[in-house]
Amino acid sequence: METVWTRKDLLSLYDLSADEIIFLLDTAEEFKKVSERNVKKVPALRGKTVVNFFVEPSTRTRVSFELAEQRLSADIINVQASTSSLKKGETLLDTIKNLEALQVDLFVMRHASPGAQYFIAENTKCGVVNAGDGAHSHPTQALLDLFTIREKKGHIDGLKVTILGDILHSRVARSNIWGLLKLGAEVTVAGPPTLVPREFESIGVKVCHNLKDAVRDADVVNVLRIQHERLNASFFPSDSEYASFYGIKPGILDYMKPDTIIMHPGPINRDVEISSAVADGSRSVILEQVTNGLAVRMAVLFLVAGCVKK
Amino acid sequence: MFEREILLDHAAVNAAIARLADEVVGEFCGCCKEKFALLGIHRQGVPLASRLARMVAERCGYAPEVGMLDISMYRDDIGMRKTLPKINVTDIPFDVNDNNIVLVDDIFSSGRTIRAALDAITDYGRPRTIRLAVLVDRHASEFPIHPDFTGVDMSVPEDFKLIAEFTPDDAADAVYQVRWQSDKKQG
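So the protein sequences, as listed, match chains A and B. Numbering-wise (the numbering used here), the first sequence opens with residue 1 and increments by one. Numbering-wise (the numbering used here), the second sequence opens with residue 1001 and increments by one.
Chain B extracted, bound-state conformation (with noise of 0.2 Å):
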């Protein structure tokens, strides 16, 4: 078993959404006023959306609308990977049409998973624009899909993996690297 690092503590991924939710705010609710909703992505970004969604309504008095979207029938990689992975829970208790759409993940690598996620959420409807928020860009992009966004950005080796972890009291979240035990990528 590899050694977990920790490259963020509580405190620092504290400050991330609280940048995060200073730069959504910034763009929706700091000039033009428009409404728009939260969709985390499965596992990280649905408590890291909540997290959000909670600092931006105590930023500006708007509490946007959350939901999560589990991307796995929408990946490019069947056959390919040893392990499935679980389909989660997706609930989008909002309209998609013509909806201001925040995807929220916790760490942006290939880009990959965003180009999943961009598939399903247009299979629920025609948004009025999609934007990327990040807790982590670590600069790793293979597609030209970039956050919007941005927590933190970090550079960290190929062969290591970001982990976030958050806890439901927000007491022990962090941001931990692990080296990889095989020589597939972050996705």
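Chain A extracted, bound-state conformation (with noise of 0.2 Å):
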């Protein structure tokens, strides 16, 4: 059977098909073994170059995609805005095509701005993949996510997953919602009303504002952190209060299914959306969820340099 993936660039799930989506996470699962072998390489990117060009901050994401890349033997170059030209004034787009000039094959980009990584996408024969656009998109999340909701559940059709925090502000939470949805998954979005305001309901999710009510029947709970470089406004009372209200403790695992996970994209806030003991407990699937982000990232970069045409 061929390939159904033919993009170039990999920048937001709200443009894949279901089909598109699976064949990903079915190319990921085989890329999850390399990092389980004693040679932890393959030369499928031998010879290619990637930017990991990161206009925004980032450890988690950029050291998961260095690694990934590493791993698939292709050349890396690592470009932060803070020490970049874009500080003297160059435009992102002659930034760009100055890298784009030393013949490198592929940019992983990280961006305040939404849509940045689209405006690239369409100005350059690189691929493109976004590792995070303002409050956009966050396609690599959002599969490495998937991946092990069905890792873990088996399947994800007509699953129950609840997304709980700071949904307003969350690229996190918006591609998890386009990428379960496609998939036929059931979202619940919750958390205090000022973070998930009910028109949220558009496009298709339910929207809940008891955290109770919220995880009762979910077979997922995707525990969001409280994103305080972005609440620019007072969303609620205080750390503590957030906690009390809407915090994951012991106590409320009392009120799921047993066999729910409890997932969080990270950095964790311990003691603020969800407690150390649930964090480090049973049911956390957070740090797989960090190794399965690795085997997407590889999975992504294979597919994307593979349609790369220059």
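Just so you know, these hints were derived from the structure itself, not from any lab. Heads up, a few of these hints could be off.
What the hints assert, rightly or not - Distance condition first, Cα-Cα at most 25 Å in a straight line; then the derived BS3-like pairs of lysine-lysine:
{"no.": "1", "chain 1": "B", "residue 1": "Lys1082", "chain 2": "A", "residue 2": "Lys125"}
{"no.": "2", "chain 1": "A", "residue 1": "Lys309", "chain 2": "B", "residue 2": "Lys1033"}
{"no.": "3", "chain 1": "B", "residue 1": "Lys1086", "chain 2": "A", "residue 2": "Lys182"}
{"no.": "4", "chain 1": "A", "residue 1": "Lys309", "chain 2": "B", "residue 2": "Lys1086"}
{"no.": "5", "chain 1": "A", "residue 1": "Lys40", "chain 2": "B", "residue 2": "Lys1086"}
Predicted model only: the values in this text are computed from it and were never measured.
Mind docking these for me? Both chains are given alone in their own frames, and the hints should help you get the complex.
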């Protein structure tokens, strides 16, 4: 069977069909095995150059991408906005064009402005992988969440998934919602009304402001980080107040089904959105998400690189 | 759509696999009684390896372990193909280290698939020996790589592709030739 994948860019799960998402997840399963071998490296991207271009700070996503690239034998350049010519007034497109003139093949890009990667993808022959654009999209995070859910539950179709926390500012939430709905899951978004407006119902998810109601029937609870850096207004009175109303604590587990899994994209604010006892407990799959992120990013880079024609 | 012309029917395929089994048994079971394992290369090398293992067992009573290998991550043509191949499951249920491995593939043409398979297998360990068994050798190697065990030798014009098909019940196995629709050659 030939691939259904023909894209040189991965920009958002919103653009992908269910078949394309499933193909990506299937491909990632084989790449996961590479990291479990003694020789944790394949020559799939030998001779290709990947630029990790992060115009917004990132540690875990950048490290995960960089390791994925190394395990695929790609050559790597890391560019960070704080030390790039963007600081000297060069436009984003000029920076990209200059890098392209060095015969690079792929850009892995994070940017604070939603849609920045779409603009770049239209203006370069290189492949572009979105590593997060503002509050819009973070497709590889959603793919690793889907991969982890499928691995744990065996399927995604028909599952009830609750995404809890700051939905309003979260690219992780949006990307998860698109992916989960396309694969046939039922999605509930939950949290305080200031961070989970009713408008989300228009994209086909349930909105719930009561924590116990939100988790009662869930097969998966995906707890999002309170993003203090994006909360420039008073969306809730205090961290402790948030923890008491919406934090996932051992007592809340009693309201869940016994096999509900708890996810978190990291980094964790311990004892704010999730207690240490739950984050480190038996239902938590948080570190497996990190492991799976590497496999998913290897798959994405492999497929996208295969479609770059220069 | 181009017509498929049958070159080997069920009986001829069966005879070719039997010849392969005889050669493999002659090398490993006949004199030195060494253990060995079969490793089928996706896609058609996988069912062929299972068939070959059965025939080996019928001949000498030794049932070699059988694994499957996908070489997509080891190809040398990323970005040069019109479509990417699907990555199939790699499952090697035996220790590669110090083992005698017989790679199994359906059609041997340019040798590029086998070049990739050699890279892949040595990432899993350090075999004692690696041998190559193919159903059909079309004598078009572009690398200094050649089969050790061959079912059938066959000269086919360069603009024809060979396709082997194995059915689960063995009843309709066959090898066909089809004219290429593009200028690419068999790998």
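Hints and how they fare:
1. B:Lys1082 <-> A:Lys125: Roughly 16 Å separates the two Cα atoms, so the pair holds.
2. A:Lys309 <-> B:Lys1033: violated, 51 Å
3. B:Lys1086 <-> A:Lys182: holds, 22 Å
4. A:Lys309 <-> B:Lys1086: holds, 19 Å
5. A:Lys40 <-> B:Lys1086: holds, 21 Å
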